[in-house]
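Student: Sequence:
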Amino acid sequence: MIKSALEKVISEDLSEIWSILDSEEKRRITDAFVIHNFKKNQIIYAEGEEPEYLWCLLKGKVKLFKDGIGGRSQILRLIRPVQYFGYRAYFAEEPYVSSAGAFEASVLGSLPMSLVMDMIKNNNRIALFFIKELSRNLGGSDTRIVNLTQKHIRGRLAESLIALLENYGYEDDNSTLKIYMAREDLANLSNMTTSNAIRTLSGFVSEHLITVDGRRIRILNEAMLRKISKFG
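Note that my numbering has the sequence shown beginning at 1, numbered continuously upward.
Hints should not be assumed to be uniformly reliable.
[Unchecked claim] Listed next, the in silico EDC-like pairs over lysine to aspartate or glutamate satisfying Cα-Cα at most 16 Å (straight line):
#1 230 <-> 166
#2 178 <-> 222
#3 26 <-> 104
#4 66 <-> 47
#5 40 <-> 118
#6 132 <-> 16
#7 40 <-> 24
#8 39 <-> 104
#9 178 <-> 213
#10 59 <-> 104
#11 121 <-> 222
#12 66 <-> 166
#13 132 <-> 104
#14 121 <-> 22
#15 26 <-> 16
#16 227 <-> 207
#17 121 <-> 25
#18 178 <-> 94
[Unchecked claim] Beta-carbon label-pair distances, calculated as ranges:
#19 46 <-> 221: 14 to 20 Å
#20 169 <-> 140: 24 to 30 Å
#21 230 <-> 71: 50 to 56 Å
#22 59 <-> 140: 33 to 39 Å
#23 93 <-> 125: 30 to 36 Å
#24 230 <-> 132: 32 to 38 Å
#25 230 <-> 136: 46 to 52 Å
#26 140 <-> 46: 20 to 26 Å
#27 196 <-> 125: 43 to 49 Å
#28 215 <-> 132: 32 to 38 Å
#29 135 <-> 206: 40 to 46 Å
#30 27 <-> 231: 49 to 55 Å
Note that these hints are calculated values from the structure, not bench results. Please read all numbers here as calculations on a predicted model, not as lab measurements. Ideal Cβ positions, reconstructed from N, Cα and C, are used throughout, including at glycine.
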């Protein structure tokens with residue numbers, strides 16, 4: 001009964017990869033798949049650790065980040081359900097070069113990378129799936145590097161707000177972002193100091209682009225934020 005329920009969860013949440021597996025591969029994944037519950041701000045894996053698992057976010061929000069100079073962190077990527085992460089370092093045969101942590105209470109699934117690698121060797125459709133995933137991530141990283149280094153502060157913060165919207169959407173009011181971030185996290189996502197993030201947010205408020213209530217951000221003029229994000 002438990003196995004049947006787990007298989008249902010896997011087949012529904014991991015439907016994209018599930019569809020390219022044969023019955024034996026599905027059985028192996030069901031047998032090895034482990035569900036984890038992480039608390040808010042709990043570390044999933046840390047920079048320098050050896051990679052062991054393929055991680056999949058089933059529910060919640062996760063950030064990939066790297067510690068920088070002076071204790072500052074840089075948020076590299078936002079993970080949304082259902083996305084896979086944590087596997088690049090294994091393929092590269094190197095320790096993790098960044099860390100992963102839960103933005104909020106989150107549910108994740110894990111598979112041993114040794115199993116994933118074995119299945120890749122026997123099913124080229126799985127290999128192509130991960131090549132596509134890595135290619136998407138690489139393209140996104142290239143774009144983000146250019147944006148973080150060339151855009152002005154306003155453009156970077158506007159881009160971060162749009163990224164939060166596109167990753168996590170709106171609340172039922174169709175205007176409040178469905179993620180509540182500390183100013184420090186928003187600054188780390190935008191590659192700026194916390195004080196600059198606060199000042200820029202205040203500027204957006206005075207321009208009637210957003211309203212801010214604690215960690216709740218309501219977008220009033222999405223079109224203008226997208227314009228600021230695009231032109232930096």
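Student: Please go over all the hints and tell whether each is borne out by the structure.
Tutor: These are the hints, each one checked on the structure:
At roughly 15 Å between alpha-carbon atoms, residue 230 and residue 166 fall within 16 Å of each other, so this suggested pair holds. With a C-alpha separation of about 15 Å, the suggested pair residue 178 and residue 222 falls inside the 16 Å cut-off, and the hint holds. Under the criterion of a C-alpha separation no larger than 16 Å, the hint pairing residue 26 with residue 104 is inconsistent with the structure, at around 30 Å. Distance check on the hinted pair: residue 66 and residue 47 sit about 7 Å apart at the alpha-carbon level, within 16 Å; holds.
The hinted pair formed by residue 40 and residue 118 fails the criterion: a straight-line CA distance of about 33 Å is larger than 16 Å. At most 16 Å may separate the alpha-carbon atoms for a hinted pair to count; residue 132 and residue 16 meet this at roughly 12 Å. Restraint check for residue 40 and residue 24: not satisfied, since their Cα atoms lie roughly 36 Å apart, outside the 16 Å limit. At most 16 Å may separate the alpha-carbon atoms for a hinted pair to count; residue 39 and residue 104 meet this at roughly 6 Å.
With a CA separation close to 13 Å, the supplied pair residue 178 and residue 213 stays within the 16 Å bound. For the proposed pair residue 59 and residue 104, the alpha carbon gap of about 10 Å is at most 16 Å, so the pair holds. Distance check on the hinted pair: residue 121 and residue 222 sit about 46 Å apart at the alpha-carbon level, beyond 16 Å; violated. Distance hint between residue 66 and residue 166 is unfulfilled; the C-alpha atoms sit about 22 Å from each other, more than 16 Å.
Between residue 132 and residue 104 the CA atoms are separated by roughly 28 Å; this puts the pair beyond 16 Å, and the hint is violated. Our distance criterion of 16 Å between C-alpha atoms is met by residue 121 and residue 22, whose separation comes to about 14 Å. At most 16 Å may separate the alpha-carbon atoms for a hinted pair to count; residue 26 and residue 16 meet this at roughly 13 Å. For the given pair, residue 227 sits about 14 Å from residue 207 by alpha-carbon distance, which is consistent with the 16 Å threshold.
Simply put, residue 121 and residue 25 have alpha-carbon atoms about 12 Å apart, close enough for the 16 Å limit, and the pair holds. Proximity of residue 178 to residue 94 is assessed by CA-CA distance (about 35 Å); at most 16 Å being required, the pair is judged violated. At roughly 39 Å, the beta-carbon separation of residue 46 and residue 221 lies outside the given 14 to 20 Å, and the hint is violated. Hint check: residue 169 to residue 140, Cβ distance near 18 Å, so the stated range 24 to 30 Å is violated.
For residue 230 and residue 71, the hinted distance range of 50 to 56 Å is not satisfied, since their beta carbons lie about 32 Å from each other. Between residue 59 and residue 140 the C-beta distance comes to about 22 Å, which lies outside the given range of 33 to 39 Å. Residue 93 and residue 125 have their C-beta atoms about 23 Å apart, which leaves the hinted 30 to 36 Å range violated. One distance hint, 32 to 38 Å for the beta-carbon pair residue 230 and residue 132, is violated here, with the actual separation near 26 Å.
Separation of residue 230 from residue 136 is about 21 Å and departs from the stated range, judged on CB atoms against 46 to 52 Å. Range check, residue 140 to residue 46: about 23 Å between beta-carbon atoms, so the 20 to 26 Å window is met. Look at residue 196 against residue 125: about 46 Å separates their beta carbons, and that is inside 43 to 49 Å. As the Cβ distance of residue 215 to residue 132 is approximately 35 Å, the hint placing it in 32 to 38 Å holds.
Taking 40 to 46 Å as the suggested C-beta distance range, the pair residue 135 and residue 206 conforms, at roughly 41 Å. Between residue 27 and residue 231 the beta carbon distance is about 52 Å. The supplied range of 49 to 55 Å therefore holds.
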